[in-house]
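Colleague: Per our numbering, residue 1 is the first one in the sequence shown, and the count goes up by one each step.
Hints listed in this document are in silico derivations from the structure and should not be mistaken for laboratory results. Think of the CB as a built atom: it goes at the ideal place given N, C-alpha and C, for glycine as much as any other residue. Errors might be hidden in some of the hints.
Label-pair distances were calculated between CB atoms; the ranges are [to be verified]:
1) G18 / V46: 34 to 40 angstroms
2) L16 / G45: 35 to 41 angstroms
3) I54 / A2: 17 to 23 angstroms
4) L16 / E37: 30 to 36 angstroms
5) A49 / K9: 25 to 31 angstroms
6) C47 / G18: 17 to 23 angstroms
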Amino acid sequence: LALMERTSKHIIDLSLCGLGQVAPMPLLGMMQMYPEEFRAHIVDGVCPAGSCPIGAPHVAAAAAD
Numbered sequence: 001l002a003l004m005e006r007t008s009k010h011i012i013d014l015s016l017c018g019l020g021q022v023a024p025m026p027l028l029g030m031m032q033m034y035p036e037e038f039r040a041h042i043v044d045g046v047c048p049a050g051s052c053p054i055g056a057p058h059v060a061a062a063a064a065d
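Please build the complete structure, drawing on both the sequences and the hints.
Modeller: Put into structure tokens, the structure is as follows:
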């Protein structure tokens with residue numbers, strides 16, 4: 001999570017065009033509004049709503065790579 005936030009902020013700071021400067025904004029906004037959802041999905045590997053395919057064989061295989 002920290003890497004995602006740090007990378008997004010670097011993109012904003014280092015981008016030379018307006019599109020690059022605003023591209024990370026949706027991600028940063030969602031991370032600020034729903035930190036517990038991001039933590040559950042990324043750190044804990046669970047979907048609190050039960051609507052994501054977390055734990056499905058193809059998802060687990062991709063996470064292992």
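Colleague: Run the structure past the numbered hints and jot down the numbers of the failing ones, going up.
Modeller: When the structure is compared with the hints, only number 6 turns out to be violated.
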